[in-house]
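Student: Chains D and X, in that order, are what the protein sequence lines are.
For the record, in the first sequence the residue sitting at position 235 is 235 according to this note's numbering, with numbers rising by one throughout.
For the record, in the second sequence the residue sitting at position 199 is 199 according to this note's numbering, with numbers rising by one throughout.
Think of the hints as simulated: they come from the structure by calculation, not from any bench.
Beta carbons are placed, not taken as given, at the ideal position from N, Cα and C, and that holds for glycine.
Each hint can be trusted.
Label pairs and their in silico Cβ distance ranges:
(1) X:Ala144 <-> D:Val255: 27 to 33 angstroms
(2) D:Gly179 <-> X:Leu12: 18 to 24 angstroms
(3) X:Arg188 <-> D:Cys180: 54 to 60 angstroms
(4) X:Ala144 <-> D:Ala21: 23 to 29 angstroms
(5) X:Ile20 <-> D:Leu64: 36 to 42 angstroms
(6) X:Leu85 <-> D:Thr107: 35 to 41 angstroms
(7) X:Gly139 <-> D:Thr70: 43 to 49 angstroms
(8) D:Gly179 <-> X:Arg99: 54 to 60 angstroms
(9) X:Gly191 <-> D:Ala14: 18 to 24 angstroms
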Amino acid sequence: MKKDLRSGRVAHIAQVLAVWALAVIFVAPLYFVLLNSFKDKSEIMVSALSLPKGFNLSNYATVLGKDFFTASFFTSVGMVIATTSLTCLVAALAGYALARWHSKFATGLTLLIMSTLFVPFQVYMVSLIIIVKQLGLTGNLIGLLLVYIALGMPVPIFLVRSYAMGMSLEIEEAATIDGCSRMHMFFAVVLPLMRPVMATIAVLNALWVWGEFLVAFLVYGTKQPMTLPVSQQYFYGTYSNQWNLILAGFVISTVPIVIFYIAMQKNIVKGIAAGAVKG
Amino acid sequence: MNRKRRDAAFYLAILAPALILLGTFFVVPVVQSLLLSFTDAYGMKATYNWLGLSNYVEALTDNSFIGTISNTFKYTVVAVLGSNLLALALALMLDGPIRGRNVLRALFFIPNIMSLLVVGYVWRFVYTSALPEMLKAAGMQTVAVLGRPKTVIYYLSIVAIWNCAGYYMIIYLSSLQGISEDLLEAARIDGANGFHVLKDIKLPLLAPTIITCLILSVAAHMKTFEIPYTMTSGGPAGGSMTMVLKIYNTAFNANRTGYATAQSTILFILIAAISFLLNGAMRRREEKL
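Working from the sequences, and respecting the hints, build out all of it.
Tutor: In structure tokens:
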């Protein structure tokens, strides 16, 4: 028994060491980014591992002084707010309908939306761009917004659908008897009840939109003001040997999302787990 | 009857936004992509000719395209196995009582919330600046890991593992938390040691989650674009050219829309086939139980 305990303790210590070693490896790239964002160009050339000479914020000042960078930062903030709120609305309406409407049409539509989960955007991106161009929506933030909602809504629709299936019908029936119109009842009664699932959807959607590159690059392109990831690609192309500025730009664009993640951790974890079950 | 019709009208009305978006940005492009793959569509030119299967024949006899399939497979196999093994190990270790586990969970997840574009550039910096210097400091020979056509793709897989292991870790963790404490306690009382609990209880109960994660990660890595795009542009000598990067180049640099859509269809068939096989494996397992 004693021997068992001791071997259990050794195993535990080995686990702790392994986890922390992995954590160090995982954090190392981020540490290099942060470290070198405080150096000037020549310091990085000499050594990428040395500590910076001082806590030099001039790279940050330079990046924040570029109009296109700050403009793209706020463009991305706007895109996140617009996409997330509209995705929530569209998914709430559609998911609720699919949960309550017992008809062949609703079943077929559920299957169709489910099939989108198995067809990645990359598979039809070429013809999607042709259609976006034909609709005159390229280089247009509204166009990007519509494509983002379309691509981002399937999982939210399923999350709402299964949430709504678990909601009791009694409240809705009572509201109908009180003479509430169904549309009014949806916004006054149903939508407030769906707040938890809305929060999950909003948080996951916001994370995705903030970092999304390929769709923004293809649909919207490099017209000013671009979204943040696209502007970083542009930035990299323009200042390709100035890692000091590029890395400072990465820090500025990543810090808000890390703070957001820490604040919303519970919702994110819940959403990922639920999304995996649905997917 | 009247009530039923009123209900249908209401549901259709609230489904309308999703229906319009789904039609415009999914159904129409998917169908059009399939149709264009049999034509010689070029750029935005409105006219094109029916070619039959010749785009597909060209793709499957074009060594540079076959090379991208092989690169994508190598990348996917390493990334899928690496990220899932690592995620599973992390989940098992961080499920137990370990000091600072919430901080650790957050640390492993942070690479996943970063933009894939940023991830690619950050690792380009690591591979070209930090890593050679570390090797030199350790007295080892420095290697330009992004400069070797035969192995470059595996170094990109490492980036993918770094990016997504934390994501699968969260899925595994939530599944582990669903295992009843009583069951584990009973096994321990019966004298099962840690290894047996893992092999005979935890892993079998995790099996459906493992399959789900494998399916999710195969699709996620087969469609990789940002990592090779930012780190190597598919080079050197096409050594890290993945299928989606190739499709992108065919469609938007060479303007060969028809050919690019045929390549896309092949990509879809590959993803669907692998997912189907994995799904089949899960079904067979469930029948056995």
